[in-house]
Amino acid sequence: MEVTQVLFNAQSIDGTVRKNAEESLKQFQEQNLPGFLLSLSGELANEEKPIETRKLAGLILKNALDAKEQHRKFELVQRWLLLDATAKSQIKACLLQTLSSPVFDARSTTSQVIAKVAGIELPQKQWPELIGSLLSNVHQIPAHAKQATLETLGYLCEEVSPDVIDQDQVNKILTAVVQGMSASEGNIDVRLAATRALYNALGFAQANFSNDMERDYIMRVVCEATLSPEVRIRQAAFECLVSISSTYYEKLTPYIQDIFNITSKAVREDEEPVALQAIEFWSSICDEEIDILEEYGGEFTGDSDVPCFYFIKKALPALVPMLLETLLKQEEDHDQDEGAWNIAMAGGTCLGLVARTVGDDIVPLVVPFVEENITKPEWKQREAATYAFGSILDGPSPEKLIPLVNVALTFMLSALTKDPNSQVKDTTAWALGRIFEFLLGSAVDLPIITQANCQQIVTVLLQSMKDTPNVAEKACGALYFLAQGYDGEGESSPLTPFFQEIVQSLLTVTHREDVGDSRLRTAAYETLNEVVRCSTIETAPLVLQLVAVIMMELHNTLESQKLSSDEREKQSELQGLLCGCLQVIIQKLGSSETTKYAFMQYADQIMGLFLRVFACRSATVHEEAMLAIGALAYAIGADFAKYMPEFYRYLEMGLQNFEEYQVCAVTVGVVGDISRALEEKIVPYCDGIMTQLLKNLSSNQLHRSVKPPIFSCFGDIALAVEEYFEKYLMWAMSALQSAADLSTHIAGDDELVEYTNSLRNGILEAYSGIFQGFKNSPKTQLLIPYAPHILQFLDGIYMEKDMDDMVMKTAIGVLGDLADTLGNHASSMIQQSVSSKDFLNECLSSEDLLVKESAQWAKLAISRAISV
Amino acid sequence: MAPHDNRRPFKRAAISDQQKRRELSLLRQAQNRRDAQQQARCLASSILSLQSAAPESQPEQSDIELETVPEAEQESEAFSKDLDVRQASKLRGPEVRKWFARQLMLPEWMIDVPDRLAQDWYVFARPAGKRCFVVSSNGTTVSRQRNGSILHHFPSALPAGAKIRDGSGSAQSYCILDCIFHELDQTYYVIDMVCWNGYSLYDCTAEFRFYWLNSKLEESGACNAPSHYHKFRFSAVPVYNCDQSGLHAAYTGVVPYAKDGLLFYNKHALYQTGNTPLALVWKDENCSQFVIDTDGKGEIPSQQQVVLELQDDRKLVTSDDPPVLFGCLDGDIIEKSGLHTGNLLRFAIGDGGLSFVDGKLEKADLIYLGKSNRARAFADSYSKGFQLKSL
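Sequence lines, in order, name chains A and B. For the first sequence, UniProt numbering begins at 1 and goes up steadily by one. For the second sequence, UniProt numbering begins at 1 and goes up steadily by one.
Treat the hints as calculated values from the structure; they're not laboratory data. The model shown is predicted, which means the values in this text are computed figures rather than measured ones. Any given hint might turn out to be false.
To be verified - Ranges of calculated distance between the beta carbons of each label pair, as one might list FRET restraints:
no.: 1; chain 1: A; residue 1: P785; chain 2: B; residue 2: G274; range: 39 to 47 Å
no.: 2; chain 1: B; residue 1: K371; chain 2: A; residue 2: E75; range: 52 to 60 Å
no.: 3; chain 1: B; residue 1: V254; chain 2: A; residue 2: E501; range: 46 to 54 Å
no.: 4; chain 1: A; residue 1: G748; chain 2: B; residue 2: F10; range: 30 to 38 Å
no.: 5; chain 1: B; residue 1: D330; chain 2: A; residue 2: S777; range: 29 to 37 Å
no.: 6; chain 1: A; residue 1: L849; chain 2: B; residue 2: S337; range: 43 to 51 Å
no.: 7; chain 1: A; residue 1: K727; chain 2: B; residue 2: C328; range: 36 to 44 Å
no.: 8; chain 1: B; residue 1: C328; chain 2: A; residue 2: P785; range: 26 to 34 Å
no.: 9; chain 1: B; residue 1: N343; chain 2: A; residue 2: G688; range: 31 to 39 Å
no.: 10; chain 1: A; residue 1: S777; chain 2: B; residue 2: G274; range: 47 to 55 Å
no.: 11; chain 1: B; residue 1: K371; chain 2: A; residue 2: G688; range: 48 to 56 Å
no.: 12; chain 1: A; residue 1: K727; chain 2: B; residue 2: S337; range: 24 to 32 Å
no.: 13; chain 1: A; residue 1: P645; chain 2: B; residue 2: K371; range: 18 to 26 Å
no.: 14; chain 1: A; residue 1: Y597; chain 2: B; residue 2: V254; range: 30 to 38 Å
Stated by the list, open to error - Using 20 Å as the maximum straight-line C-alpha spacing, the simulated EDC-like pairs for lysine to aspartate or glutamate come out as follows:
no.: 15; chain 1: A; residue 1: K852; chain 2: B; residue 2: D35
no.: 16; chain 1: B; residue 1: K163; chain 2: A; residue 2: D487
no.: 17; chain 1: A; residue 1: K55; chain 2: A; residue 2: D84
no.: 18; chain 1: B; residue 1: K20; chain 2: A; residue 2: E437
no.: 19; chain 1: B; residue 1: K371; chain 2: A; residue 2: D639
no.: 20; chain 1: B; residue 1: K163; chain 2: A; residue 2: E847
no.: 21; chain 1: B; residue 1: K20; chain 2: A; residue 2: E593
no.: 22; chain 1: A; residue 1: K596; chain 2: B; residue 2: E183
no.: 23; chain 1: B; residue 1: K163; chain 2: A; residue 2: E853
no.: 24; chain 1: A; residue 1: K68; chain 2: A; residue 2: E158
no.: 25; chain 1: B; residue 1: K20; chain 2: A; residue 2: E660
no.: 26; chain 1: B; residue 1: K20; chain 2: A; residue 2: E853
no.: 27; chain 1: B; residue 1: K130; chain 2: A; residue 2: D639
Quick reminder that beta carbons are idealized off the backbone N, C-alpha and C, glycines included.
With the sequences and hints as input, model every part of the structure.
What follows is the structure, given as structure tokens:
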């Protein structure tokens, strides 16, 4: 096969030519993988070949080694590992050779391919000579080979986890990288590649950062690089500082003063990409300190893992003025540009984080700036003042803020209607929203909203919804938080008199001509949802009227035909919003007996609409409709059975949707809703559902987050159909057993611990449902053979000492369910288990009420089982 | 390697409303699953045996109880009985209906005048509305109708009835009130007090309970107008001694609620669950708008109806203890309609009505209509049939 020509054709503008070329590449790959990879790597290495085909060859190689989807990635890795060893070493030789190519693109693609191969082979202890030969390259001339090698080391550190590479090699990599970064390196490209490589290598440097001398050296080189004449190097060096601020927060004390000087110079004088990173350093420090202080829970215990060094508090007098200056550097109309991110935005965001970190201390530093600028003729000053004020509303105490807000409120309401500048209005509406978000309903005696100003606030916000789309969007946002502030208000909310007017205005916004091109429509529906969620019984009749309105809107979207693909996308988005809105309404009306019955008159029609919605292809819409149907089933109860014949196939489709796993996850939850609603009436559908759920469990294509809820769903079904579950018992139990074995021990990071605990919880909920489902049945004895393993699982996870309260509650509940259902058949087994003693006692004295409640249940059930 | 983008959300909420909807759904599903499990754990068998098992396991329970003073033992017995009510208030489904139906004290229909009426009895005008149990505990209040279904779930000024009062009561503080919810003014009229602030009044006389009710309810602030932490107003009803003037006041006096008959309570009676002749109800067109059965639309059916329970020997009985036999059901009907022992069946009373001899039912002209509403938990009492006849 003439690979060069095919690679050329694969980039042709002629669709047919391109398709043919892609087809033949695919065939080649399937029929002869080693030959395929070899000729691609040969193409990549061949200096006589055109740059276009070399680049594409590298890209295809990369895609033959890695993929986004987990299962696909796994397949590719297996195929590479099984490849003929000679072919592999030939390919690798080609790759290493290409690193010295004079052609930049060829080198750059190659360094990524090498990193992918390393990502597969190094964890298998293969290709041990790789790092050595890369390091020997570094000391070579020419500079371009050095640059490519450093880039490769950077990618390699990104691909491979730190525990795969031994400390000796880590040291050598770091030495090479830091040397490449230092001022003595004359070549800009080499220095830039080294700086970017360090960013990825920082995760490997734990040991080196614990050593004062090595750390001092690395920090000095990074700080020097922030002063490089080359802007890209300065930016990359600040990125390293940002990464260091989170990875090595506790090592920063000796350097923080210098870093403050460097960053504040960069923020004030450097080009924007650099200044943004310099600000990000402080935002990142805030993130760290907020986390630490939250963990303290307000009191310093001294034995926490990471102490707080209060860098922000100490830097406050200099940091805040620096950030306030950035606020005045806003760009014309940046609010209207969806993707905009500039120094004023970054500065304001950082100011908000600083407020959350230090609380009250920030107020006296910001208030003079606000007072000075808020009435200035220049819009940028008014906007900056408003933005500064809005930024500090989360953090300081209500006692400190409310007197200020009471003074500012009238001014802000008038600015929102009268300020000649749209950006000032935008920020004002946003700041009002922040006031409502953080200060309504706070336990301070000073109310912000009184009978006197409530009317005015609502009027101004509704008025602003007719303003430009970005101002209207923020006004909707403010209303969202205003409504939220009165959530849980008993019989009557101060918003009740305006309910109808508010809903009407929001519906009007959704019909604005210019609504399609911004987030405005979404914001309007989200606000409508919140207004409904937080409404009181007084306005229930109005919410009921809204059902028909939203149903009509949804109906209209289903009628429109012959849309362009762009229009269809907008249509789907709207359908998603409408289904979401109906879901909120159903949940609201379904939560009270009185409103539920009034709502029932619409159930048939709503269900009819949802079924039609499923005919449209959009994951978001399906998810929203599914969630709404779950709420509907809960509200309707056993009568939901009449919709099952038609709905079932969509339920099955949802369960089969591995690609859009959110849809699958939501559908699994809805199966639970339906089980509880239908109880034994779900039996006719159980075969299909259980088969699909078991299939899903065994699939490695399904996102793992869906699996715990599937187990919980087993429990829901078992509880609903009771002993009829016998049919599935063997299959369900064997799936549960193997999952239980896998989840007893956890070895991994926090994320894995969290996942394993959610898996345990799902497994345990399944056991609970099964035991309770079989209770009082003559078939109880079917469960006896499974009891020893379940008790062993409980003992196992107890011994691991790493379960969270949720798992603890479910686990001890299972012990009770086992005792309750099996009674004296299991009494000796139970008495022998650790769970029935130490674990039970621990739960009985738990501070968590739910754990304690479950434990008391278990204790009772056990004492009965034993006494019988 | 491209520069790293560190942009943060600008003027936007941290989570989208869609994510919020998703999370709220998950929360609701988790709550429903918990309810379903809790229900299963407390199904009749467990809950009833739990009641009888509680005293036996008392020595064991002492590690949970905080107090060890002698009278704590007495209290803990009452506590364990009440605890079930609180647990049961979380239940769902048919079992909970049965369970709750057994917890309320149910008056018999007044078919004759008790002795010593003037001395030993109270009378008051029954508010029209839904009879329910109101349970406050753990910072929330739940009202359950006679069939166990939840009427409201709300914060109240009752002890332990809302989240704010955390300082004021221990975890064991809770209340159980026997109420009628009056739709028109959205008020819970408290007609009896079963537990107050953790203190059981089951074994107290009506005299004491009414006294306690009147003083404590007012004190708690539960009679105040609704507010943020107190969603519904509670109110006591005016209770009179059953002498001439008391009867007159109850019968004709103006009250802030629509009347639905008169209730008579024996002063010395303890709070007894189920039907009791120590509480009586009287209805006529002067003191009740619901003197006879109405259907769902508020119309009076052409024939009056009774609900009876089918026993295994095909006998149809009332909910009284002991049950009163009303008749026998044809084996044919049982087979055709697939009826089982324990089914509640609705009958119309035919033109023949009910015949009584010496105050005992001799014959009833019953026409089978069908199974009763699913929400129904028990048969009518004998005295209902009797009052129907006397109309």
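Hinted pair B:K20 and A:E853, Cα distance within 20 Å: violated, 29 Å
Range hint compliance [Cβ, A:Y597 to B:V254, 30 to 38 Å]: holds, 32 Å
20 Å Cα cutoff - pair A:K68, A:E158: Since the Cα atoms of A:K68 and A:E158 sit roughly 15 Å apart, the hinted pair holds (cutoff 20 Å).
B:K371 paired with A:E75, Cβ distance criterion 52 to 60 Å: The hinted range 52 to 60 Å holds for B:K371 and A:E75, with Cβ atoms some 59 Å apart.
A:G688 and B:K371 - C-beta distance against the hinted 48 to 56 Å: violated, 31 Å
Hinted pair B:K163 and A:D487, Cα distance within 20 Å: This hinted pair holds, its Cα atoms lying about 14 Å apart.
Distance restraint hint 26 to 34 Å, applied to the beta-carbon atoms of B:C328 and A:P785: With Cβ atoms ~48 Å apart, the hint is violated.
Hint check for A:G688 and B:N343 - Cβ pair distance inside 31 to 39 Å: holds, 33 Å
Verdict for B:D330, A:S777 (Cβ pair) under range 29 to 37 Å: Holds, at about 33 Å.
Restraint check for B:K20 with A:E437, where alpha carbons must lie at most 20 Å apart: holds, 15 Å
Consistency of beta-carbon spacing, B:G274 to A:S777, with hint 47 to 55 Å: violated, 30 Å
B:K371 paired with A:D639 [C-alpha distance capped at 20 Å]: holds, 18 Å
Hint violations for this structure: numbers 3, 8, 10, 11, 17, 21, 26 and 27, all remaining hints satisfied.
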